[in-house]
Every structure is written in C-alpha cells, then in structure tokens.
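> Sequences listed follow chains S and D, in order.
Here the first sequence is numbered in our numbering, starting from 1 and rising by one per residue.
Here the second sequence is numbered in our numbering, starting from 1 and rising by one per residue.
Errors might be hidden in some of the hints.
Said to hold, decoys possible - Covered stretches of chain D (chain S as the covering partner; in silico rule of three or more C-beta atoms under 8 Å from a C-beta of chain S):
1) 4-13
2) 60-68
Unchecked claim - Some chain S residues flagged as far from chain D (calculated, every beta-carbon gap over 10 Å):
3) E14
4) G50
5) T74
6) P128
7) A146
Unchecked claim - Okay, the calculated beta carbon distance ranges per label pair:
8) S:Q44 - D:V59: 42 to 52 Å
9) S:P129 - D:E17: 15 to 25 Å
10) S:R4 - D:Q32: 17 to 27 Å
11) D:T31 - S:E168: 18 to 28 Å
12) D:F7 - S:Q44: 34 to 44 Å
13) S:T74 - D:V59: 22 to 32 Å
14) S:E106 - D:P42: 16 to 26 Å
15) S:N27 - D:T9: 46 to 56 Å
16) D:P42 - S:R171: 42 to 52 Å
17) D:T5 - S:R78: 36 to 46 Å
To be clear, the hints were calculated from the coordinates, so they are not data collected in a lab.
For each residue, glycine too, the CB sits at the ideal point set by N, CA and C.
The lines below spell out each chain.
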Amino acid sequence: MTSRALDQFLQSVERRAFKIAQLGLRNEDDALDAVQDSMMKLVQSYGSRGEDELKPLFYRILSNRIRDMQRRRTVRGRIMAWLPTRDAEDDEEIDIVAQAASPDPEPARRLEIDEAIGVLESAIADLPPRQQQAFLLRNFEGLDVAETASAMGCSEGSVKTHYFRALESLRARLGDVI
Amino acid sequence: MDDRTPFETRTREILEESTAKLDGRTLSRLTQARHAAQESKPARSPWMSFAPAGAAAAVAVLAVVMWSGNRASDPVLFAQGTQVDDMELLADGEAPDFTDVAEDLEFYEWAADEVET
Chain S
1 MTSRALDQFL QSVERRAFKI AQLGLRNEDD ALDAVQDSMM KLVQSYGSRG
51 EDELKPLFYR ILSNRIRDMQ RRRTVRGRIM AWLPTRDAED DEEIDIVAQA
101 ASPDPEPARR LEIDEAIGVL ESAIADLPPR QQQAFLLRNF EGLDVAETAS
151 AMGCSEGSVK THYFRALESL RARLGDVI
Chain D
1 MDDRTPFETR TREILEESTA KLDGRTLSRL TQARHAAQES KPARSPWMSF
51 APAGAAAAVA VLAVVMWSGN RASDPVLFAQ GTQVDDMELL ADGEAPDFTD
101 VAEDLEFYEW AADEVET
C-alpha cells in the first residue's frame with residue numbers, strides 16, 4: 001500500500017477513532033495517545049496489507065491499546081489513592097486553539113445538539129467496555145459483524161450479544177431524550 | 001448496517017455531530033499523530049530495491065546448476081535406458097525369429113547331402 005493511500009485511510013478513521021478512544025478512556029490526552037500509538041503500530045507492522053484489511057486491524061490495535069491504558073490506569077489509581085491529591089485546576093492552561101470550536105450558525109440548534117451529545121456520550125461511557133466497543137464499532141464506525149468480531153478478538157455471536165445488550169441499555173437509559 | 005432502527009440511526013447521527021465539532025487543537029494533534037505515524041514507517045534500505053532482481057538471479061543460477069547436474073548423469077541414464085530397451089525388444093513379439101535361421105541351416109545341410117549323393 002502506498003504512503004498516500006495509507007494516509008488517506010488514517011485520515012478517514014482518525015476522528016471516529018479519537019471519539020471511540022475518548023469514550024473508552026474519558027480523557028482527551030490519553031485518547032490522542034492511544035490513537036497515535038495505534039496509527040504507528042498499523043503503519044510499522046501492517047502498512048503493506050490490503051485496504052480491506054486495514055480497518056479491522058486498526059480497530060483491533062486501538063481496542064487493545066484502550067484496554068491496556070484502562071488497566072494501567074486502574075493500577076495507577078490504586079497507587080495514587082495512597083498519595084496526597086493535587087488541585088487539577090493548577091495545571092490547566094488557557095489554549096486559544098482548543099477553545100475555537102467549529103463554526104455553527106444556529107445557537108439554539110447548537111445547544112440542542114450539544115445536550116444530545118453530552119447525554120449520549122455519558123450513557124455510552126457508562127456501558128461495560130465490551131458492550132461499548134461493540135456498539136461503537138458496529139453503529140458508529142459501521143463495521144459489519146465479522147469485522148467487529150475481528151477487531152474485538154471474539155466470536156460473531158459475542159458481538160451480536162454485546163451489541164444487543166448495549167442497545168437495550170442505551171434505550172432504557174435515554175428513552176425519548178434523544 | 002443498512003437495517004438500522006430509528007434509535008440506532010439517531011445515536012449514530014449524534015456521534016457524527018460530535019466528531020464534526022472536534023476543536024482545532026484536537027484536529028491539529030490528530031494530524032500530527034498521522035504524520036508521526038507515517039514517518040515511523042521503517043525506511044527501506046537502498047539495497048532492498050535490488051532484492052527482487054537478486055532473487056531472480058539466484059533462482060536462475062540454481063536452475064542452471066541443477067540442469068547441468070542432470071546432464072552430467074545422462075550417459076548412465078541413457079545406458080540404463082538402452083539396456084532396458086534391449087530387454088523389451090527381446091521380449092517383444094515383433095523381435096526377429098531365430099527359428100527361421102535354424103530352418104535355413106537344416107535346408108543347407110539337406111542340400112549339401114543331396115549334392116554329395
């Protein structure tokens with residue numbers, strides 16, 4: 001695969017990959033690290049693969065990376081619980097670029113969308129990891145059952161079960177909200 | 001997924017909206033990540049560009065060596081083949097019939113006796 005084709009592929013998945021990582025890790029910086037690590041791994045180890053193989057491979061790498069970071073964070077959380085806490089606000093810096101959101105002409109509509117995004121993302125973030133993965137890969141990224149199974153490293157039956165449970169859980173929680 | 005329910009379609013639309021609203025800093029860092037990934041691609045050694053030609057040459061040399069080896073053993077194979085052919089020829093019904101020669105000898109003996117008497 002040419003560098004240009006690989007770049008186009010990465011560009012086509014980077015936003016959704018970031019969102020998936022952000023929902024799994026609940027942290028933007030960690031999500032960006034996970035996406036960059038996954039991109040590097042894909043390019044270094046699987047850059048010569050066919051285009052149809054790349055998406056499941058990339059999401060397999062990303063899923064593993066997210067899981068590793070979740071585990072590491074759990075261990076770090078246990079250690080940090082023994083140490084004195086520090087005010088997080090001290091570390092925050094004003095970032096002009098970060099505050100420049102995409103332009104949107106209708107404030108009322110924007111508010112409505114923002115609320116829907118907040119409610120949905122919160123509900124997805126609270127799903128068990130496997131259900132969250134199945135839901136995001138199937139519904140958001142649009143992988144089919146076989147590709148999702150490949151990306152998650154499980155059977156197609158498991159994908160269907162996780163996806164069904166995720167949908168039920170989200171429906172029960174969100175109902176008519178969205 | 002074409003058979004989405006309205007709920008699935010709506011949730012997907014909302015998630016797409018959220019990716020469209022990513023801030024400039026995040027988009028910039030994603031672009032940097034992509035470029036960093038591309039730059040991390042293992043560089044190909046200049047010698048590797050000759051690898052296909054080298055492999056083809058090696059195969060050609062091997063083929064010539066094996067062919068020469070076969071040729072060297074040809075005389076033996078041919079000799080063995082000739083022996084086998086001879087045996088088949090002897091066993092074959094089309095082979096010359098030496099009984100004819102024996103009959104001719106009897107005739108010449110009889111003719112010689114006739115001349116003597």
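> All hints are to be evaluated individually against the structure, with a verdict given for each.
Going down the list of hints, with the structure as the test:
no.	hint	in the structure
1	4-13	holds (count 6)
2	60-68	violated (count 0)
3	E14	5 Å, violated
4	G50	17 Å, holds
5	T74	25 Å, holds
6	P128	17 Å, holds
7	A146	13 Å, holds
8	S:Q44 - D:V59: 42 to 52 Å	30 Å, violated
9	S:P129 - D:E17: 15 to 25 Å	24 Å, holds
10	S:R4 - D:Q32: 17 to 27 Å	18 Å, holds
11	D:T31 - S:E168: 18 to 28 Å	38 Å, violated
12	D:F7 - S:Q44: 34 to 44 Å	39 Å, holds
13	S:T74 - D:V59: 22 to 32 Å	55 Å, violated
14	S:E106 - D:P42: 16 to 26 Å	48 Å, violated
15	S:N27 - D:T9: 46 to 56 Å	29 Å, violated
16	D:P42 - S:R171: 42 to 52 Å	47 Å, holds
17	D:T5 - S:R78: 36 to 46 Å	41 Å, holds
Comparing the model with each numbered hint stated earlier shows that hints 2, 3, 8, 11, 13, 14, 15 do not hold.
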